[in-house]
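Engineer: One line per chain: the protein sequences are U and G, in this order.
Position 101 of the first sequence, counted from 1, bears residue number 101 in the working numbering, the numbering being contiguous throughout.
Position 134 of the second sequence, counted from 1, bears residue number 134 in the working numbering, the numbering being contiguous throughout.
These aren't lab readings, by the way, just hints derived from the structure by calculation.
It cannot be assumed that every hint is accurate.
Each pair of labels, with its calculated beta carbon distance range [as the list claims (entries may be wrong)]:
#	chain 1	residue 1	chain 2	residue 2	range
1	U	85	G	99	19 to 27 Å
2	U	90	G	174	26 to 34 Å
3	U	140	G	249	35 to 43 Å
4	U	140	G	167	35 to 43 Å
The calculated SDA-like cross-link candidates involving lysine to any residue, where the alpha carbons are at most 20 Å apart (straight line), are [as the list claims (entries may be wrong)]:
#	chain 1	residue 1	chain 2	residue 2
5	U	160	G	258
6	U	160	G	188
7	U	160	G	184
8	U	139	G	188
9	U	160	G	167
10	U	152	G	188
11	U	160	G	175
12	U	139	G	175
Glycine residues also receive a C-beta, built at the ideal position from the N, C-alpha and C atoms.
Listed below are the residues making up each chain.
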Amino acid sequence: MGGVASVGERLAPVVEMHQRPTIEKSSTAVADKVVIQNLDHHFGNGLHAVSDFSLTIEPGEFVSIVGPSGCGKTTVLNLLAGLFPVSSGTISIFGSSPRAGRHDVAYMLARDSLFPWLTAAQNAEFGAEIRRMDRQSRKSRAQRLLEAVGLKGFADSYPKALSHGMRQRVALARTFCLESQLLLMDEPFGALDAQTKLQLEQVLLSLWTDERRTVVFITHDLSEAIALSDRVIVMSARPGRIIDDIRIDLPRPRSISALQKSADYHKLYSLVWTKLEMGLNHE
Amino acid sequence: MSDVATTRYRLAENTIIAISRLVFLAVFFGIWEYVSQNHIINPIFIGTPSEIVKFLWNGLFVEFTLERDLLWTIVSTFLAFAIGSAAGILTSLVFITWPAVEKFSDPLLSALNALPRIALAPLFLLWFGLGIWSKVALGASLTYFIVLSSAVAGIRGTNSDHLTLARTMGASQRQTFVRITLPNAVPTIFSGLRLGLIYALLGVIAGEIIAAQYGLGQQLSFLAGSFQISGVFAVLAILALLGTSLLWAMNKIESRLLRWQ
C-alpha cells in the first residue's frame, strides 16, 4: 500500500470541484446536505422495511449505517440511490429528490460487478465513460486511481486474472473515477477476508481524505464502521429504526492498523455494540 | 526445477499418446485391409483402405471432381449458416425489443422447431429447385432456431448487478444494450453459432443426399447407390475433415473474441 499516501497530489486537478468553501461550514445550506425525513418503507409484499427514519448528513461527512441483517439499511441506501421510489417521508440530496443516474451520486455494490470483458483500466473508467467525461481526463484519472488503489501494472488485466481483493480495488477506482459528491456504498468489503478488508478500508480512507466527498456506507461490521466514519448510525431489527447516532471523534488521518490497538477505538466499539444489542433485543 | 520436470513429463506423455494413436490406426486399417482383401467380409460392404486412398487420390489430384463437390457443399453451408444465424439474431432482437411479438409467436415457433426439419426437404426442393438454394434453405432452417434460442438466452442472461450499476451511472437504454447486454451475451450466442454451423452442414448434406446436381452429399448418395463403398468412405473422410476444420476455425475465432473468459 506504499502508493496510497501521496494520492492527494496525483488527483489534484479534479479535486477542486469537490471542495466546498470552508467559511460556510457552520451554516451549510440544504443544497449541500443529504436530508432524510420520516422515511418509512413498505415493500409490495407487505414487508415493513424502514420505519420513521430521519437523518441529516453534512457535506463531506462519512456516515456508516450498521444494523442486523435484514434491518432495512440497504433499503435506505437504495432509496437514496433512487433505485425505487420513496413512498412515505422525504429524501433530499443536495436540494433535490433522489433519481437513479444523477451525476452527483455514485453507487458501489457489495459484489465487485466488474465487467469481465473489460480490462481493469476499462472497468475503472466505465462509469465516467457512460457519463461522457472526456476521454483524455477519464483515462488519466482512471490510471491515477488504479495506482492509488495499489494496482499499478494491472491496468490491462482482465478481472478473471485478479483476486477478489484486487477486483474490489478496481471497483473502488471505478466509483471514485466518477466525479460525484455523494458516494453510496453497500457493504463494499462484505465479501472479503479479514486481512484484505483492512487493507481496502485504508485505501478507501486515503481516497476519501483526498477529496472529502459525502459517503453513506452500509455495513454489518462494527469495527469497519467505526474505523472509517465520522458518525455511525445504529439501526434496529426490522422494521429498521434509528437507535442511536454515535459521533466517532477519533482523530484523522486514521491508520486502520494502528486503530486496532487503540483504547479509544475499542471503547467506541463496545458502545456501538451495546446499542446494537439493544436493537436486537428490542423485538 | 519441478516445472521443467513437469513439462518434460507432459511431453513424454503426449508423445506416447500420439504414438499409440498411430499404432492403433495402423493396426485398425491393416486388419481392415486384410479382412477385405481376403474376402472374410465382402468388400462390397466395407470397402478397402487402399481403394479409399486411390479414390481420394484420383478425385482430388487427377480428376478434381471432389474439389468441385467440396466447394459446392462449403458454399451452401456458409450461405445456410450466414442466412440462418443472421435471421436468428435479428429475430432475437425483435423479441427483446417487443416481448409481445415473442409471446405471440412462441407456440408457432415451438411447433416449427419441433418439426423434423428434414421432412421439409421435398417442399424446399419444389420451392427452390434442385440447385444450391434448396440446400441452403434446409441448412438455414436448422441454424435459425439454434441461434435464435441461444441469442435470446444470452441477452436475457444479463447480470442484474450490472444493470443496477448501469442505472445508477445513468446509462441510456442504448448504452446499456451496447456496452453491457450485448458483450454479456456474446459467449452464449457463440456456442449457439458453433452448433448452428454444424447443423448447417448437416442440413446441406441431407439436402444433397435427397436430390442435387453437385455436392459431397450427392456424391455420397451416388457412390452408395452404385456400390462404390470405398468411394463412400472417402467422402465420409472428407466430411469428417470438413466438420473438424469448421469447428476448429470457430474455436479459433471464439478464443480470439473471448480472450477475457
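Engineer: Are the hints correct? Go through all of them and say.
Structural biologist: Hints, verified against the model:
no.: 1; hint: 85(U) to 99(G): 19 to 27 Å; verdict: holds, 23 Å
no.: 2; hint: 90(U) to 174(G): 26 to 34 Å; verdict: holds, 33 Å
no.: 3; hint: 140(U) to 249(G): 35 to 43 Å; verdict: holds, 40 Å
no.: 4; hint: 140(U) to 167(G): 35 to 43 Å; verdict: violated, 27 Å
no.: 5; hint: 160(U) to 258(G); verdict: holds, 12 Å
no.: 6; hint: 160(U) to 188(G); verdict: holds, 18 Å
no.: 7; hint: 160(U) to 184(G); verdict: holds, 15 Å
no.: 8; hint: 139(U) to 188(G); verdict: violated, 31 Å
no.: 9; hint: 160(U) to 167(G); verdict: violated, 24 Å
no.: 10; hint: 152(U) to 188(G); verdict: violated, 33 Å
no.: 11; hint: 160(U) to 175(G); verdict: violated, 24 Å
no.: 12; hint: 139(U) to 175(G); verdict: holds, 19 Å
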